[in-house]
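Take the sequences, apply the hints, and build the full model.
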Amino acid sequence: DGGITQSPKYLFRKEGQNVTLSCEQNLNHDAMYWYRQDPGQGLRLIYYSQIVNDFQKGDIAEGYSVSREKKESFPLTVTSAQKNPTAFYLCATQNRVRTGELFFGEGSRLTVL
Amino acid sequence: DAKTTQPTSMDCAEGRAANLPCNHSTISGNEYVYWYRQIHSQGPQYIIHGLKNNETNEMASLIITEDRKSSTLILPHATLRDTAVYYCIVRVVSNYQLIWGAGTKLIIKP
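Those protein sequences? They're chains A and B, same order as listed. Our numbering numbers the first residue of the first sequence as 12 and each following residue consecutively. Our numbering numbers the first residue of the second sequence as -7 and each following residue consecutively.
Keep in mind that the hints are not guaranteed to be accurate.
Unchecked claim - Sample of chain A residues facing chain B (criterion: CB under 10 Å; computed from the structure):
no.: 1; residue: Q17
no.: 2; residue: Y46
no.: 3; residue: G53
no.: 4; residue: L54
no.: 5; residue: R55
no.: 6; residue: F99
no.: 7; residue: A103
no.: 8; residue: L113
no.: 9; residue: G116
no.: 10; residue: G118
To be verified - Pairs of lysine to aspartate or glutamate residues, derived as EDC-like cross-links and limited to a Cα-Cα distance of at most 20 Å, are as follows:
no.: 11; chain 1: B; residue 1: K44; chain 2: B; residue 2: D59
no.: 12; chain 1: B; residue 1: K97; chain 2: A; residue 2: D49
no.: 13; chain 1: B; residue 1: K97; chain 2: B; residue 2: D3
no.: 14; chain 1: A; residue 1: K81; chain 2: A; residue 2: D65
no.: 15; chain 1: B; residue 1: K44; chain 2: A; residue 2: E112
no.: 16; chain 1: B; residue 1: K(-5); chain 2: A; residue 2: E112
no.: 17; chain 1: B; residue 1: K(-5); chain 2: A; residue 2: D70
no.: 18; chain 1: A; residue 1: K68; chain 2: A; residue 2: D41
As the list claims (entries may be wrong) - Quick list of the computed label-pair ranges, beta carbon to beta carbon:
no.: 19; chain 1: A; residue 1: Y21; chain 2: B; residue 2: K(-5); range: 31 to 37 Å
no.: 20; chain 1: A; residue 1: T88; chain 2: B; residue 2: I66; range: 40 to 46 Å
no.: 21; chain 1: A; residue 1: T97; chain 2: B; residue 2: N11; range: 34 to 40 Å
no.: 22; chain 1: A; residue 1: E117; chain 2: B; residue 2: M51; range: 15 to 21 Å
no.: 23; chain 1: B; residue 1: N11; chain 2: A; residue 2: T31; range: 41 to 47 Å
Just so you know, these hints were derived from the structure itself, not from any lab. Glycine residues also receive a C-beta, built at the ideal position from the N, C-alpha and C atoms.
Take a look at the structure:
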């Protein structure tokens, strides 16, 4: 099936630990995004990537890092420098050739204990 | 990208049309109106988008006023599965950084 796979769906972490969230897509989309969502809020952009080996900071990049070594993969690392990492994380891709809509994964919920 | 204003919440009876308004008074000529919805604890789902003309697809209709300062998303026959948060976003297609508000929480009642 074509789509976006995020893993893990749920993750618990102790303070001071880094954690990496996976995002894989087989839609052949060039652009990929990471968003953070807090309860009752809209989405906030962490990082985005237009093409392989290139990525840009979004509005709330501090404490996060990404890589884009392959078109299909855009992993997000939540570092210990992120002061309030407990949140719902969403990965998205964009079909820029057609109409520019975003396609989202099912999300990863990170809880820091 | 222009900012949008949506009501915080709305109710609709099952089987009736749900009309969700969105104000985007500062929209510019090359900005599209996009609608997404998010069912609890899932990723948002694209619904529809438009520039000037009204649009319809299998999920919904989008009505954009002539001055483009507001729009309405119409779910013609709402079902319980349409209960979700609905987001209205305006953007230039080439712009990567969208502004997501808190959206409208739509509750469909039996």
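Restraint check, 10 Å cut-off on beta carbons, for A/G116 near chain B = With a minimum Cβ separation of about 5 Å from chain B (threshold 10 Å), the hint on A/G116 holds.
CA of B/K(-5) to CA of A/D70, is that 20 Å or under?
-> holds, 16 Å
Can you let me know if the beta-carbon spacing of A/T97 and B/N11 is within 34 to 40 Å?
-> holds, 36 Å
Hey, does the A/L113 contact hint survive, CB to chain B under 10 Å?
-> Check passed: Cβ of A/L113 comes within 7 Å of chain B, closer than 10 Å.
Confirm or reject the claim that A/T88 and B/I66 have a C-beta distance inside 40 to 46 Å.
-> Because 42 Å falls inside the window, the suggested range holds.
Identify whether the interface hint at A/Y46 stands, where standing means a beta carbon of chain B within less than 10 Å of its own.
-> holds, 8 Å
Hold the hint about A/Q17 up to the distance rule: shortest CB distance to chain B must be less than 10 Å.
-> It holds, given that the least Cβ distance between A/Q17 and chain B is near 8 Å, below 10 Å.
Interface restraint verdict for A/R55 against chain B (beta-carbon cut-off 10 Å) = This interface hint holds because 7 Å falls under the 10 Å limit.
Compare the distance between the alpha carbons of A/K68 and A/D41 with 20 Å, and conclude whether the hinted pair is satisfied.
-> holds, 17 Å
Per the CB criterion, is A/G53 less than 10 Å away from chain B?
-> Interface hint status for A/G53: holds (3 Å vs cutoff 10 Å).
Is B/K97 within 20 Å of A/D49, Cα to Cα?
-> Status holds; Cα separation ~15 Å.
Interface hint outcome for A/A103 [beta carbon to chain B under 10 Å] | Holds: closest Cβ of chain B sits about 7 Å from A/A103, inside 10 Å.
In terms of the numbered hints stated before, the structure departs from none.
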